[in-house]
Amino acid sequence: MTEIVPPKALWAQTLLLLALGIGGGYAATALGSADFSILDPPRVAVGSGELDRMLTGDGSSGAGEATAPPGDGGAAPSVKMVGFLDIMTKLYGNPTVTFVDARDEPSFEQGHIPGAIPLDHDKALVDPTYRDSRERHIPRDHVVVVYCGGGECDLSRRLAASLLSRGYRNVLVYEGGWTEWQAEGGEKASGGWSPPAGEDG
Amino acid sequence: MREKLFHPWLLWATRWLLAAVFLWASWSKITDVPAFALNIKNYGILPIDITPAFATGLAGLEVVVGVALLLGLWRKGASFLTSAMLVMFIGALSYAYLTGRSIHCGCFTATMDPAKAADVRGEMLTRIVQDVGLLLLSLHLYWGEIRTPRVAQ
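Residue numbers (our numbering), protein chains in the order written: chain F, 3 to 203; chain Y, 58 to 210.
The hints are simulated quantities; they were obtained by calculation from the structure and are not laboratory data. The C-beta atom is built at its ideal place from N, Cα and C for all residues, glycine as well. Worth double-checking, as some hints may not be accurate.
[What the hints assert, rightly or not] Which stretches of chain F does chain Y cover? Using the computed rule of at least three CB atoms under 8 Å from a CB of chain Y, they are:
1) 94 to 102
2) 139 to 147
3) 170 to 179
[Unchecked claim] Residues from chain F that face chain Y, not an exhaustive set, calculated with beta carbons under 8 Å:
4) L19
5) A30
6) T31
7) A36
8) D37
9) F38
10) I40
11) L41
12) D42
[As the list claims (entries may be wrong)] Distance ranges between label pairs, derived from CB positions:
13) T181(F) - I105(Y): 19 to 25 Å
14) G194(F) - F165(Y): 32 to 38 Å
15) A185(F) - W73(Y): 58 to 64 Å
16) W200(Y) - E111(F): 31 to 37 Å
17) M90(F) - C164(Y): 43 to 49 Å
18) L57(F) - L127(Y): 58 to 64 Å
19) W81(Y) - P130(F): 21 to 27 Å
20) A47(F) - P104(Y): 21 to 27 Å
21) R55(F) - R178(Y): 27 to 33 Å
22) W73(Y) - S135(F): 42 to 48 Å
23) W84(Y) - H139(F): 32 to 38 Å
24) R55(F) - F165(Y): 41 to 47 Å
25) L62(Y) - P108(F): 46 to 52 Å
Turn these sequences into a full structure, and let the hints guide you.
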């Protein structure tokens, strides 16, 4: 016959392992000076003069200063924010500006900013082929405006940080996103995206 | 039947298999904790403020539990913790799947194998099934470890 071992040994061992594991993890992280800023990149509103320089090609957003890919020990580049007014007066309809939609494809198809290129952030994280196929249509010398749903959605900031770390220099985030765009009466388009004629998807 | 199910050799094999899995899984996490924290953030469960601490603690715990299982130390506690972690992994991955997310679980690597990227949600289901299998092994080990024979009078 068998009997169950009293729980004292079980809980003592469990607590000991928890202490060793969590303590060891912190020690290892501290020794390696882990940088968690990739989780929440710092954000700053783009200044009017800076925006004009970006559009005239006189300078980057400044966020290109730190271009180390996330997780490589380099500081996460600052993500610059842009508002609806600046978008309507300087960016929307400008041939040197590309809008990028960070939401999933079904959301994009239901409605998006006209001319925007869909780049599903979550899908791009796990499928480099998909990511590269869409980035091929985002000119690196353009001002790139990334948006998502707005409100609590932070896909746009994360996608912007990713683009900056991959060498894009002029990347802005429209934090108000699709929600604000609709509320402000911005033009809308719907349906899927297809690459321009003569280019691969 | 019960004695065969909890034969020492079978428990030994289960322990070593679990040790190998947890040590293998912990390697990519402990060597790049920020990337692992990003995987955890993608689940959309934890507040971002505690995600770094959670990732750090979990990565370290997987290493220590794996080593403990490998060396046969504190087997009761180690098997209890592996079972608890697997229940947590299954729960988190199931939550992400049911809420429509398409994410890489971060179970063994920080990024997904491109060959599997075409069916992210299918891969999530596969991971859930694999974790259920590991949970059964872990529970087998746990139950085997907390049983002790009564000395004959």
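Against the structure, the hints come out as follows:
no. : hint                          : verdict
1   : 94 to 102                     : violated (count 0)
2   : 139 to 147                    : violated (count 0)
3   : 170 to 179                    : violated (count 0)
4   : L19                           : holds, 5 Å
5   : A30                           : holds, 6 Å
6   : T31                           : holds, 5 Å
7   : A36                           : holds, 5 Å
8   : D37                           : holds, 6 Å
9   : F38                           : holds, 4 Å
10  : I40                           : holds, 6 Å
11  : L41                           : holds, 6 Å
12  : D42                           : holds, 6 Å
13  : T181(F) - I105(Y): 19 to 25 Å : holds, 21 Å
14  : G194(F) - F165(Y): 32 to 38 Å : holds, 34 Å
15  : A185(F) - W73(Y): 58 to 64 Å  : holds, 59 Å
16  : W200(Y) - E111(F): 31 to 37 Å : violated, 51 Å
17  : M90(F) - C164(Y): 43 to 49 Å  : holds, 45 Å
18  : L57(F) - L127(Y): 58 to 64 Å  : holds, 59 Å
19  : W81(Y) - P130(F): 21 to 27 Å  : holds, 23 Å
20  : A47(F) - P104(Y): 21 to 27 Å  : holds, 25 Å
21  : R55(F) - R178(Y): 27 to 33 Å  : violated, 43 Å
22  : W73(Y) - S135(F): 42 to 48 Å  : holds, 43 Å
23  : W84(Y) - H139(F): 32 to 38 Å  : holds, 37 Å
24  : R55(F) - F165(Y): 41 to 47 Å  : holds, 45 Å
25  : L62(Y) - P108(F): 46 to 52 Å  : holds, 48 Å
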